[in-house]
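*Asks:* Each chain is listed here by its residues.
There are 4 protein chains.
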Amino acid sequence: MINLGVIGVGYWGPNIIRNAVLNKRFKMSCCADSKPERLDYISALYPTIKTSPNYKEIIDDSSIDAVAICTPVFTHFEIASAVLQAGKHILIEKPMTGTSAEAQQLLELAEKNKLKILVDHTFLFTGAVRKIKETIKSGEIGDIYYFDSVRVNLGLFQHDVNVVWDLAPHDIAVMDHLIDRKAESIVATGSDHLGNGLEDVAFVTVFYPDNIIAHIHVNWLSPVKIRQTQISGTKKMIVWDDNSPSEKVKIYDKGIEVIQTADQVYNTLVQYRTGDMYCPKIPQSEALAVEMDHFADCIEKNITPISDGYSGWRVVQILESSEKSIKHRGREIRL
Amino acid sequence: MINLGVIGVGYWGPNIIRNAVLNKRFKMSCCADSKPERLDYISALYPTIKTSPNYKEIIDDSSIDAVAICTPVFTHFEIASAVLQAGKHILIEKPMTGTSAEAQQLLELAEKNKLKILVDHTFLFTGAVRKIKETIKSGEIGDIYYFDSVRVNLGLFQHDVNVVWDLAPHDIAVMDHLIDRKAESIVATGSDHLGNGLEDVAFVTVFYPDNIIAHIHVNWLSPVKIRQTQISGTKKMIVWDDNSPSEKVKIYDKGIEVIQTADQVYNTLVQYRTGDMYCPKIPQSEALAVEMDHFADCIEKNITPISDGYSGWRVVQILESSEKSIKHRGREIRL
Amino acid sequence: MINLGVIGVGYWGPNIIRNAVLNKRFKMSCCADSKPERLDYISALYPTIKTSPNYKEIIDDSSIDAVAICTPVFTHFEIASAVLQAGKHILIEKPMTGTSAEAQQLLELAEKNKLKILVDHTFLFTGAVRKIKETIKSGEIGDIYYFDSVRVNLGLFQHDVNVVWDLAPHDIAVMDHLIDRKAESIVATGSDHLGNGLEDVAFVTVFYPDNIIAHIHVNWLSPVKIRQTQISGTKKMIVWDDNSPSEKVKIYDKGIEVIQTADQVYNTLVQYRTGDMYCPKIPQSEALAVEMDHFADCIEKNITPISDGYSGWRVVQILESSEKSIKHRGREIRL
Amino acid sequence: MINLGVIGVGYWGPNIIRNAVLNKRFKMSCCADSKPERLDYISALYPTIKTSPNYKEIIDDSSIDAVAICTPVFTHFEIASAVLQAGKHILIEKPMTGTSAEAQQLLELAEKNKLKILVDHTFLFTGAVRKIKETIKSGEIGDIYYFDSVRVNLGLFQHDVNVVWDLAPHDIAVMDHLIDRKAESIVATGSDHLGNGLEDVAFVTVFYPDNIIAHIHVNWLSPVKIRQTQISGTKKMIVWDDNSPSEKVKIYDKGIEVIQTADQVYNTLVQYRTGDMYCPKIPQSEALAVEMDHFADCIEKNITPISDGYSGWRVVQILESSEKSIKHRGREIRL
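Here the protein sequences line up with chains A, B, C and D, keeping their order.
For the record, in the first sequence the residue sitting at position 220 is 220 according to the working numbering, with numbers rising by one throughout.
Here the working numbering runs 335 ahead of the position in the second sequence, where the first position is 1.
Here the working numbering runs 670 ahead of the position in the third sequence, where the first position is 1.
Here the working numbering runs 1005 ahead of the position in the fourth sequence, where the first position is 1.
Among the hints, a few may not be true.
As the list claims (entries may be wrong) - List of simulated lysine to any residue pairs, SDA-like, C-alpha gap at most 20 Å:
{"id": "1", "chain 1": "B", "residue 1": "Lys466", "chain 2": "B", "residue 2": "Pro544"}
{"id": "2", "chain 1": "A", "residue 1": "Lys324", "chain 2": "A", "residue 2": "Gln158"}
{"id": "3", "chain 1": "A", "residue 1": "Lys225", "chain 2": "C", "residue 2": "Asp862"}
{"id": "4", "chain 1": "B", "residue 1": "Lys662", "chain 2": "A", "residue 2": "Asn211"}
{"id": "5", "chain 1": "D", "residue 1": "Lys1240", "chain 2": "C", "residue 2": "Asp862"}
Said to hold, decoys possible - Away from chain C, derived, C-beta distances all over 10 Å, residues of chain D:
{"id": "6", "residue": "Gly1103"}
{"id": "7", "residue": "Glu1107"}
{"id": "8", "residue": "Leu1114"}
{"id": "9", "residue": "Thr1140"}
{"id": "10", "residue": "Asp1153"}
{"id": "11", "residue": "Val1166"}
{"id": "12", "residue": "Val1229"}
{"id": "13", "residue": "Glu1291"}
{"id": "14", "residue": "Asp1298"}
{"id": "15", "residue": "Thr1309"}
{"id": "16", "residue": "Ile1311"}
{"id": "17", "residue": "Arg1334"}
{"id": "18", "residue": "Glu1337"}
{"id": "19", "residue": "Leu1340"}
Said to hold, decoys possible - Here's a subset of chain D near chain A, in silico, CB distances under 7 Å, partners left out:
{"id": "20", "residue": "Pro1052"}
{"id": "21", "residue": "Glu1262"}
{"id": "22", "residue": "Val1263"}
{"id": "23", "residue": "Tyr1277"}
{"id": "24", "residue": "Gly1280"}
{"id": "25", "residue": "Cys1284"}
{"id": "26", "residue": "Lys1286"}
These aren't lab readings, by the way, just hints derived from the structure by calculation.
Built from N, CA and C at the ideal position, the CB exists for glycine as well.
Could you put together the complete structure from these sequences and hints?
*Replies:* Given below as structure tokens:
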């Protein structure tokens, strides 16, 4: 049984606690938050969980095996460093850190101390993404042509980060997981309509090896809520509409075939193929429950997390580079 | 009555002819094409229209007032120059020319000779775009925040131009018409998956004055056909789904309000407003019929066409710059 | 403050309790259920609420002003009679009773004792139905032509009632509320595919005065979940899609105009009118919270509930007649 | 080569002619219509087709093998009788006749003279219905539970028949083809809002053997256009949305399993099964072209048409019975 502490019980922390309480592999031991009313909230729901206003108590508690860090991003590095130095595994909210340098230090620290970092890229544990990953891995869609993701809605404007840091970590984590390669460079554009230097609309292109191109559109100013991702391959093509209650993932038996001809003028002939479409059944389990179980597996069986520190670091690197590219009006940032 | 000649009767020319025949303000006089079978096709349908294998016959015919040019793009400049020099108005298929320098020469030639150029940006004459333009002009949506357009489907791959030159002229013409400003710079990315140097997926950001950002996604590799455009403003927001048979244009009474507070930390407070949505009734008339009527108006009443040579030139400039930006991995191209 | 008791804390009772606890006009005093584990569940959540295995304790408690009855339908009459005889107001789950005779006795008892019966037709308190009712009342849609409702999905098969008794109370209550007339007769058909005498697919036509026709399709065997209601009027037409997250109610400015001509052969000429469509903003408040507030209003201000005993009785009468009509293969049952 | 004559060239006749002209198995020989302008229209399009104001010329022309009858329904019986008596095959627009007695006489006449009757139930020849028929035939959906079809829109009001005779022939023909049994009885309801005795809204239940129930909703007063059919079976379930451009037919791997238990109280236990959904690729060929080819096959190879006189007769019988049932407020009409 893994003895778990939770640092930060604002919005996301209570979800971690609820799942830890329900999961027999965890003992939900204690939590910390600087706001007393949040601790009272947890105490009322779970009288047996110890609470503390100071996260250092959790770090100093030698009975704690693992810590979930659910505090604001700018505090991640300091807290995570202390937790890792205390020899505890971490589950850390996304994005992992505010800079890629920090992310790199954390993962080196974890490696040195033989500890696990699981970055809470919750989407990787949804039924939809697991099904898509499985489909890609099986070879069913062939080689990937492109990845395109749209995540737009009205608000919520953040006051300290732009829309890329706020919304794109989801898309970048999924992209990184599905494309399974190291991105080469970033070109991003965006616009800030409030005049506070924080873009509310942004477009990020990511170039990958093997001629794969990826694009992410994130936006706080859209009248409609769209969460749609396409992955097009040489054999089949996938559309994932996360808003659809019953047809989240569609797999199209569509593609092109390129025929090289002797013809001088038209040297490539493209033929189109269209077959059936199917919607695979998607498991309904809560993503965070699956993720917590995976965290327990990683610790107990010494497995590398699906969303390990490297994945967290790659995501932060792309966020950082996107921001830099936007500030320089689309300058290509090589990674 | 305007005596009309048509040069090029491949795919689009016959539509011009059909509309000219039905429009009492035109006399559909003659057409030319280098392919005899196309001329035979027209003769069978319209026995009274003169046909010629040589477009110069139309140019030399002093009874012809105006000429529609529906030939491949690379021939536009030569033919249009000759037509304008012969003192005839032109209706020219989009894109206007293969280079912006050519477009500029044509519009100067037209100005000098006091002739009209109407570039066949057909979408500007659809009920949907006319309704959106009217809505923007009335002030109903306030100032524009962004314009975002997605035009994707599977194929048809072109063998001589990339997906931007093939599909984006529609979006660029609409964007130019609705934003009604001179674009400042372009950042574009894309990818060519056939290895022939012609991108099949592309993402184009266009920066406009007044902090307006525009983005166009064009794609020949998408399993699903999407034609969706958003225009978000300070007061209302518009979504135009050209695939929807009955709800093409939706106008959302949604927006944000920014409140400047004295607070040092959170210096802007954003509030969200959500009201009714409505779908205005869209006139069903054929866009090309409206366009032909407008062409007649321009000639007879000496009006500047909605899609005049300047509009055609701006569109070509953006196409050209997009291609250049793509080739340089997102380098910003200033206009 | 209304002192409330709840009898039955299976599925729906806890929702009543949660809303009573949150509503300052109620004091959530005690609850009863014959199953000890349900009482334990409530005690764990709300330690201050008294629990009892015997509902008679609630009836005998003279401090209780009103009782919510959330037990199986076959127990409604006995419990409700006792509660009313004890001089307490009731909020009773739908359908009100298992027979219309019982419903009638209850409402007579309530009238005699000057007590309120609010039948828990929750849909009447949703934002969508309140908006539709308001639209009809304002005269905006003109006179009603027809009401058509489809409520279909896969399962859940009930073991004691057919699909009409299970699903149609919602539609019938809404229909009764919107049409606001006394139904004249019923014709219903259905089919039982399990061979247990309980129909799983049913179609109910209800004839109303003023030439209004209503139809309800309920079904436990549909692969897709549909909740769609249309109300068509002489001036406008409404479509309510309860599955749509953002466009639940659409109001179409569509209609027909009938012109009587002198012509002998075609003596009526029908013209069609099509204008804008709009989606009114729908309030998001929880229907049950609105309903509880209304219950408090009815008691405190002596108002007749929107879903009073008469409405509950009319719904039961239509359910009863539908079942009878189905058993006789569509025989018209006059009310 | 089949020498074809066409009687009636109003709306549908020209489509028959166009398809006959394009089909090498037919010689499109002559057509007749009482309106000279319709004959002129055909002559202009197809100068080689003989035209006549009197259909008897076609009947008397011994070189004609087959005749397509595209005149108003009330003339079908007289014309079809004469054509069959003249020894010619017929393709006849739907509904076959105005009464079932007439339909029966025609099919007997055809049998006696060894001639083919193909009733123009065009939907049977669409890719969607052919795919659904094939799926049912293969056993993939198991035994049919129910068939439900909705065909509603605003207008066009007919001045001589009600909405059942106008719209339902499509649904009834498809239902008859897919269920492939003789209907047992009809219960129908409807309402006439113009006061001319012609219902504009109608609901038709058809009882079939093997506990199959079918229902059709046809409506001229709906603000939205719906064409949706469900066929639910013991193994799988089909939804056909004819308005959907790209996902017309969806096949759901969903169903219920009934477990008989020893339990006294709950004597049936129902379990639900949900698997993948798929959209089979639907052939795009024009239904009428497929139908004309089938007509040629039937004549040349002495095959019974898919939509033969019996099918036409069954459809008319159901139309007739529906009308009768509506007039008697849902009285069950046994066939």
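*Asks:* Starting from B:Lys466, check that the Cα of B:Pro544 is at most 20 Å away, please.
*Replies:* Violated, because 24 Å separates the two Cα atoms, which is more than 20 Å.
*Asks:* For D:Thr1309, is the shortest CB-to-CB distance to chain C above 10 Å, so the non-interface label stands?
*Replies:* holds, 31 Å
*Asks:* Please confirm whether D:Val1229 is truly not at the interface, meaning its C-beta sits more than 10 Å away from all C-beta atoms of chain C.
*Replies:* At about 6 Å from chain C, D:Val1229 fails to clear the 10 Å cut-off, so the statement is violated.
*Asks:* Closest CB-CB distance from D:Thr1140 to chain C, is it above 10 Å?
*Replies:* Its Cβ never comes within 10 Å of chain C, the nearest being 13 Å, so this holds.
*Asks:* Given D:Pro1052 as an interface hint, is its Cβ closer than 7 Å to any Cβ of chain A?
*Replies:* Because about 38 Å separates D:Pro1052 from the closest Cβ in chain A, which is outside the 7 Å limit, the hint is violated.
*Asks:* Test the statement that D:Glu1337 is away from the interface with chain C: the closest C-beta pair must be farther apart than 10 Å.
*Replies:* violated, 5 Å
*Asks:* Just checking, D:Leu1114 versus chain C, shortest CB gap more than 10 Å?
*Replies:* holds, 31 Å
*Asks:* Grab the minimum beta-carbon distance between D:Val1166 and chain C and tell me whether it stays above 10 Å.
*Replies:* Non-interface label on D:Val1166 holds, nearest chain C Cβ at 13 Å vs cutoff 10 Å.
*Asks:* Would the least Cβ to Cβ distance between D:Asp1298 and chain C come out above 10 Å?
*Replies:* Holds: least Cβ distance 33 Å, greater than 10 Å.
*Asks:* Does C:Asp862 sit within 20 Å of D:Lys1240, going by the straight-line distance between their CA atoms?
*Replies:* Cα-Cα ~17 Å, so holds.
*Asks:* Given a cut of 7 Å on the nearest C-beta pair, is the interface hint for D:Gly1280 held or broken against chain A?
*Replies:* holds, 5 Å
*Asks:* Say whether it holds or is violated: D:Asp1153 keeps its Cβ farther than 10 Å from all Cβ of chain C.
*Replies:* For D:Asp1153, whose nearest Cβ neighbour in chain C is about 7 Å away, the distance does not exceed 10 Å, so it is violated.
Checked against the numbered hints above, the structure violates hints 1, 3, 10, 12, 17, 18, 20, 21, 22, 23; every other hint is satisfied.
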